[in-house]
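Number of protein chains: 2
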Amino acid sequence: MEKSELRDLSIEQIRHHIRSGAYSGDTMGVADGHVQANLVILPKEVAFDFLVFCQRNPKPCPLLDVTRPGSPVPELLAPGADLRTDIPRYRVFRRGELVDEPTDIRSYWRDDLVAFLLGCSATFDNALRNARVPLRFLDQDTIPPVYETNVQCRPVGPFHGPVVVTMRPIPGELVVKATQVSGRFPSAHGTPFHIGYPEQIGITDLARPRYGTHLPLRLSEVPMFWACGVTPQAVAMASRTEWMITHAPAHMFLSDRHYEQDAVV
Amino acid sequence: MEKSELRDLSIEQIRHHIRSGAYSGDTMGVADGHVQANLVILPKEVAFDFLVFCQRNPKPCPLLDVTRPGSPVPELLAPGADLRTDIPRYRVFRRGELVDEPTDIRSYWRDDLVAFLLGCSATFDNALRNARVPLRFLDQDTIPPVYETNVQCRPVGPFHGPVVVTMRPIPGELVVKATQVSGRFPSAHGTPFHIGYPEQIGITDLARPRYGTHLPLRLSEVPMFWACGVTPQAVAMASRTEWMITHAPAHMFLSDRHYEQDAVV
Numbered sequence: 001m002e003k004s005e006l007r008d009l010s011i012e013q014i015r016h017h018i019r020s021g022a023y024s025g026d027t028m029g030v031a032d033g034h035v036q037a038n039l040v041i042l043p044k045e046v047a048f049d050f051l052v053f054c055q056r057n058p059k060p061c062p063l064l065d066v067t068r069p070g071s072p073v074p075e076l077l078a079p080g081a082d083l084r085t086d087i088p089r090y091r092v093f094r095r096g097e098l099v100d101e102p103t104d105i106r107s108y109w110r111d112d113l114v115a116f117l118l119g120c121s122a123t124f125d126n127a128l129r130n131a132r133v134p135l136r137f138l139d140q141d142t143i144p145p146v147y148e149t150n151v152q153c154r155p156v157g158p159f160h161g162p163v164v165v166t167m168r169p170i171p172g173e174l175v176v177k178a179t180q181v182s183g184r185f186p187s188a189h190g191t192p193f194h195i196g197y198p199e200q201i202g203i204t205d206l207a208r209p210r211y212g213t214h215l216p217l218r219l220s221e222v223p224m225f226w227a228c229g230v231t232p233q234a235v236a237m238a239s240r241t242e243w244m245i246t247h248a249p250a251h252m253f254l255s256d257r258h259y260e261q262d263a264v265v
Numbered sequence: 001m002e003k004s005e006l007r008d009l010s011i012e013q014i015r016h017h018i019r020s021g022a023y024s025g026d027t028m029g030v031a032d033g034h035v036q037a038n039l040v041i042l043p044k045e046v047a048f049d050f051l052v053f054c055q056r057n058p059k060p061c062p063l064l065d066v067t068r069p070g071s072p073v074p075e076l077l078a079p080g081a082d083l084r085t086d087i088p089r090y091r092v093f094r095r096g097e098l099v100d101e102p103t104d105i106r107s108y109w110r111d112d113l114v115a116f117l118l119g120c121s122a123t124f125d126n127a128l129r130n131a132r133v134p135l136r137f138l139d140q141d142t143i144p145p146v147y148e149t150n151v152q153c154r155p156v157g158p159f160h161g162p163v164v165v166t167m168r169p170i171p172g173e174l175v176v177k178a179t180q181v182s183g184r185f186p187s188a189h190g191t192p193f194h195i196g197y198p199e200q201i202g203i204t205d206l207a208r209p210r211y212g213t214h215l216p217l218r219l220s221e222v223p224m225f226w227a228c229g230v231t232p233q234a235v236a237m238a239s240r241t242e243w244m245i246t247h248a249p250a251h252m253f254l255s256d257r258h259y260e261q262d263a264v265v
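As you go down the protein sequences, you meet chains G and D in turn. Per our numbering, residue 1 is the first one in the first sequence, and the count goes up by one each step. Per our numbering, residue 1 is the first one in the second sequence, and the count goes up by one each step.
Mixed in with the good hints, there may be bad ones.
[Unchecked claim] Computed cross-link-like contacts, DSBU-like style, restricted to lysine-lysine with a CA-CA straight-line distance of at most 30 angstroms:
#  : chain 1 : residue 1 : chain 2 : residue 2
1  : G       : K44       : D       : K44
2  : D       : K177      : G       : K59
3  : G       : K44       : G       : K177
4  : D       : K44       : D       : K59
5  : D       : K59       : D       : K177
6  : D       : K177      : G       : K44
7  : D       : K3        : G       : K59
8  : G       : K44       : D       : K59
9  : G       : K177      : D       : K177
10 : D       : K59       : G       : K177
11 : G       : K59       : G       : K44
[Unchecked claim] The following residues of chain G were derived to be distant from chain D, with all beta-carbon distances above 12 angstroms:
#  : residue
12 : M28
13 : G96
14 : V156
15 : V222
[Claimed, not checked] Partial chain G-side listing against chain D, Cβ under 8 angstroms, derived:
#  : residue
16 : L63
17 : V66
18 : G70
19 : V175
20 : V176
21 : T179
22 : V265
For the record, the hints were derived by calculation from the structure and aren't laboratory data. C-beta atoms are modelled at their ideal positions from N, C-alpha and C, and glycine is treated no differently.
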């Protein structure tokens with residue numbers, strides 16, 4: 001199934017096609033206006049430390065929902081959804097290594113698992129577009145480039161690792177506007193993590209993103225960086241986390257919420 | 001020691017006088033401009049559930065800091081402080097009953113305790129005053145009236161109970177301004193919980209607050225209600241929580257942070 005076939009469907013219909021396996025592509029530009037979320041699943045024994053990690057690192061890890069241990073239902077974001085099946089593609093990490101990328105994690109599910117949903121910049125992309133801030137990665141139907149920075153998260157318990165960011169090339173005269181618009185959505189990473197000068201956060205080559213598609217900068221553009229919900233995956237690798245399941249980058253959970261419900265102003 | 005004697009002192013000096021026991025009064029209007037915080041201390045075994053409770057009830061319980069188990073140091077809000085001594089007065093609850101109101105909790109401290117600091121409306125009172133929104137309880141050097149509502153928090157694990165609110169009488173023409181100004185500080189309860197019509201949230205008699213001082217409404221005033229960090233104390237009572245230590249109402253923790261550092265716009 002192609003992304004374009006999802007265009008006019010309801011959120012329930014889109015999740016149905018993801019659940020059935022008919023759609024397993026990325027969710028960039030999908031479900032217009034809906035809050036998208038990053039996924040992290042961990043055993044309950046480290047869930048407290050991860051919650052505190054999110055609290056101490058709110059820009060990369062803005063917490064939207066936490067499930068009851070053993071329950072795959074995100075009660076706040078989408079009470080009718082099942083996090084074991086409703087994300088197009090998952091990643092399974094063991095001792096910090098990526099060991100599987102399934103489209104369904106029912107076989108991995110256990111009664112002691114807690115799922116965390118974290119905000120995603122795809123949420124404020126809706127607001128940026130409405131404010132007529134051009135987003136080239138959406139025009140080209142690609143995934144925004146993702147980079148690892150040399151800025152470290154505040155460590156908590158077993159969890160440590162670098163902040164990961166997305167980059168959007170923004171016309172210079174719209175940099176302030178993009179800062180203000182994204183700042184309305186702290187639960188979707190909020191204001192930029194960094195503006196311009198990639199080397200100041202340890203990004204030495206914009207042409208080589210960790211994920212996503214390189215977008216060569218035009219002369220009038222400034223690279224703007226926002227913290228990214230892929231950060232926990234970098235944390236799993238850096239911390240050699242015993243066991244973690246996440247979404248695959250750009251393959252997000254699509255919630256019931258409209259992005260304006262989460263605006264602070 | 002009188003509150004007025006703290007007026008021109010530094011935050012370290014004020015905390016010194018609280019730590020030594022010289023000052024054990026309320027902190028309303030104290031340490032101008034500093035973020036104030038509510039305290040909740042729980043054993044680690046229920047700390048995860050309480051963290052999720054805060055995440056699900058962000059208006060009464062906006063989480064500012066969480067200590068490492070056994071550590072009384074709030075690393076984010078005031079790395080030089082000690083939460084066992086630096087609050088003017090505490091409350092100790094056992095099975096939901098108030099059993100002690102000490103000025104120091106060193107004798108209660110254990111290696112398995114986790115301390116949570118939650119935002120406080122005293123923080124945005126600074127911004128309201130600067131915006132020339134009159135706050136009569138401060139002019140009269142009293143404590144704002146606090147009421148229990150009939151609105152229930154979202155329950156999580158063993159924690160359930162009503163939302164508790166503070167009330168400020170605001171001139172009708174400043175109600176929108178007060179909403180906007182407080183909304184800049186979601187980490188200090190943010191926008192009002194309710195505006196006018198106390199009976200709609202189960203408050204039948206404004207003249208009988210649970211804590212604080214009754215402020216009779218003037219004809220031009222509207223009662224505005226903000227969620228209050230005393231909510232966990234009502235939760236301890238409703239849930240018959242085995243063991244919880246909190247601050248005493250209006251006797252807050254004074255942090256290093258300036259309130260504008262926590263503004264979202």
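Cross-check of the supplied hints:
1. At most 30 angstroms may separate the alpha-carbon atoms for a hinted pair to count; G/K44 and D/K44 meet this at roughly 13 angstroms.
2. Between D/K177 and G/K59 the CA atoms are separated by roughly 28 angstroms; this keeps the pair inside 30 angstroms, and the hint holds.
3. With a C-alpha separation of about 41 angstroms, the suggested pair G/K44 and G/K177 falls outside the 30 angstroms cut-off, and the hint is violated.
4. Under the criterion of a C-alpha separation no larger than 30 angstroms, the hint pairing D/K44 with D/K59 is consistent with the structure, at around 23 angstroms.
5. Simply put, D/K59 and D/K177 have alpha-carbon atoms about 19 angstroms apart, close enough for the 30 angstroms limit, and the pair holds.
6. Under the criterion of a C-alpha separation no larger than 30 angstroms, the hint pairing D/K177 with G/K44 is inconsistent with the structure, at around 44 angstroms.
7. Pair hint D/K3 plus G/K59 does not hold up; C-alpha atoms about 38 angstroms apart against a cutoff of 30 angstroms.
8. For a cut-off of 30 angstroms, the pair hint linking G/K44 to D/K59 stands: about 26 angstroms separates their Cα positions.
9. At most 30 angstroms may separate the alpha-carbon atoms for a hinted pair to count; G/K177 and D/K177 meet this at roughly 24 angstroms.
10. Annotation: proposed proximity of D/K59 to G/K177 holds, straight-line Cα distance about 28 angstroms (limit 30 angstroms).
11. This hinted pair checks out: G/K59 and G/K44 have alpha carbons roughly 23 angstroms apart, not beyond 30 angstroms.
12. Separation of G/M28 from chain D is adequate, the least Cβ-Cβ distance of about 26 angstroms exceeding the 12 angstroms criterion.
13. Every CB of chain D lies more than 12 angstroms from the CB of G/G96, the least distance being 23 angstroms, so the non-interface label holds.
14. A cut-off of 12 angstroms between C-beta atoms contradicts the statement that G/V156 is not in contact with chain D; the least separation is 8 angstroms.
15. Residue placement check: G/V222 keeps its beta carbon more than 12 angstroms from all beta carbons of chain D (closest about 22 angstroms).
16. Given hint, G/L63 at the interface with chain D, holds; its Cβ is 6 angstroms from that chain's nearest Cβ, closer than 8 angstroms.
17. Contact between G/V66 and chain D, as hinted, is supported at the beta carbon level, the nearest pair being about 5 angstroms apart and thus within 8 angstroms.
18. Hint status for G/G70 relative to chain D: violated, with the closest Cβ pair at about 13 angstroms, above 8 angstroms.
19. Among the interface hints, the one on G/V175 is violated; its C-beta lies about 17 angstroms from the nearest C-beta in chain D, farther than the 8 angstroms criterion.
20. The interface hint given for G/V176 is violated, since its Cβ lies 13 angstroms from the closest Cβ of chain D, which is over the 8 angstroms cut-off.
21. Taken as an interface hint, G/T179 does not check out: its beta carbon lies about 11 angstroms from the nearest beta carbon of chain D, beyond 8 angstroms.
22. At a threshold of 8 angstroms, the smallest CB-CB gap from G/V265 to chain D is about 5 angstroms, leaving the interface hint in force.
Of the hints listed earlier, those the structure fails to meet are numbers 3, 6, 7, 14, 18, 19, 20 and 21, in rising order.
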